Amino acid sequence: AQSVTQLDSQVPVFEEAPVELRCNYSSSVSVYLFWYVQYPNQGLQLLLKYLSGSTLVKGINGFEAEFNKSQTSFHLRKPSVHISDTAEYFCAVRNSGAGSYQLTFGKGTKLSVIP
Amino acid sequence: KAGVTQTPRYLIKTRGQQVTLSCSPISGHRSVSWYQQTPGQGLQFLFEYFSETQRNKGNFPGRFSGRQFSNSRSEMNVSTLELGDSALYLCASTNGGGTGSHYGYTFGSGTRLTVV
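Those protein sequences? They're chains H and L, same order as listed. Note that my numbering numbers the first sequence so that position 69 is 69, with each residue one more than the last. Note that my numbering numbers the second sequence so that position 16 is 131, with each residue one more than the last.
Because the hints were derived from the structure by calculation, they are not lab data. Remember, predicted model here, so these are calculated numbers, not experimental data. Quick reminder that beta carbons are idealized off the backbone N, C-alpha and C, glycines included. A couple of the hints might just be wrong.
[Unchecked claim] Straight-line C-alpha distance at most 30 Å; calculated DSSO-like pairs for lysine-lysine:
id	chain 1	residue 1	chain 2	residue 2
1	H	LYS69	H	LYS110
2	H	LYS58	L	LYS128
3	L	LYS128	H	LYS107
4	H	LYS69	L	LYS128
5	L	LYS172	L	LYS128
6	L	LYS172	H	LYS49
7	L	LYS128	H	LYS49
[Claimed, not checked] One-sided and incomplete, this derived list gives chain L residues near chain H with beta-carbon spacing under 10 Å:
id	residue
8	LYS172
9	CYS206
10	GLY219
Make a model of the complete structure from these sequences and hints.
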C-alpha cells in the first residue's frame, strides 16, 4: 500500500516570495510521483512528474520539484510566486510496475498568495 | 485536441435515487479512471477501465459501479444515493497500458453531485 503526506494544509506567502510545498510518501515498491494543481471549480492539472533519471524535475508555470529517495520526499518549489498561483496543490504517487494504474493523492495544500 | 469532457457539470439528487455520470476521454486515450473528491476524505480512487475492462477498483461499496464503451467513453453509476455521496467526481484519461500509462493523467472538470 502507498500513502502520501502533505505536511502543510495551508501555506500563505507574499507575492514574489519563494515557496516550498512539502510532500512525503510511503511505498514498498518503486513509484512515479506527480504534482497537480486545482483551481476553484475545476479539475486537476498536471504540473510535473518524476518517472526516473534526474531528480530535479521542471514543470509548467515555473514550478520545479526534487525527488529525494532516501527521505522519500518530493517537494514542490517556485522561486517567485504570483497571485495567479493561488490554488490547491496535490502530490500523488503511482506504482511504477505494470498492472497498477491508480493514483494515491495527498490531502492537498492550499497556497494563498498575498498581494 | 479536446480535453476530457464530463457531463453533467452539476447534479442534484434525492437520497435513495440513482445517478449516472459520463466521461469522454481524450481522443486516443483508452484508460479512464474515476475519483471522488470530498473535503473530508480528499481524492479517492474509485475504479479504472481499459479497453472496456475494469483493471483496478478502489475501496467503495458495490453501489458504485462503472463501465466503459468500445469508443472508450465511460460512465459511472451510483445507486441508492446517500448524503455522504455528495462530492466532486473526477474522471481522468491516459493512453494507458504499457509505457504510455505513466505520462500522467488528464483530468476533466468534474461533476459536482449534491444529494439532498
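Exercise for the section: With a cut-off of 30 Å on the C-alpha distance, tell me whether LYS172(L) and LYS49(H) pass. Expected result: holds, 24 Å
Exercise for the section: Given the hint that LYS69(H) pairs with LYS110(H), test it: the Cα-Cα distance must not exceed 30 Å. Expected result: Given pair LYS69(H), LYS110(H) holds - Cα atoms ~25 Å apart, limit 30 Å.
Problem - Distance restraint between LYS128(L) and LYS49(H), which requires alpha-carbon spacing of 30 Å or less - result: This hinted pair is violated, its Cα atoms lying about 37 Å apart.
Exercise for the section: Please work out if LYS69(H) and LYS128(L) have their alpha carbons no farther apart than 30 Å. Expected result: violated, 46 Å
Exercise for the section: Using Cβ atoms only, decide whether CYS206(L) comes closer than 10 Å to chain H, and label the hint accordingly. Expected result: holds, 8 Å
Practice task
Closer than 10 Å between Cβ atoms is the bar; does GLY219(L) clear it against chain H? Give me holds or violated.
Solution key: Where the cut-off is 10 Å and the nearest Cβ of chain H is about 4 Å from GLY219(L), the hint holds.
Problem - Hinted pair LYS128(L) and LYS107(H), Cα distance within 30 Å - result: Distance ~27 Å between LYS128(L) and LYS107(H) Cα, so the pair holds.
Practice task
Double-check LYS172(L) for me: the hint is only fine if its C-beta lies closer than 10 Å to a C-beta in chain H.
Solution key: holds, 9 Å
Exercise for the section: Take a quick look at whether LYS172(L) and LYS128(L) sit within 30 Å of each other, Cα to Cα. Expected result: Judged against 30 Å, a Cα distance of about 25 Å means the pair holds.
Practice task
Given the hint that LYS58(H) pairs with LYS128(L), test it: the Cα-Cα distance must not exceed 30 Å.
Solution key: Violated - the C-alpha atoms of LYS128(L) and LYS58(H) are around 43 Å apart, more than 30 Å.
Hints 2, 4 and 7 from the earlier list are contradicted by this structure; the remaining hints agree with it.
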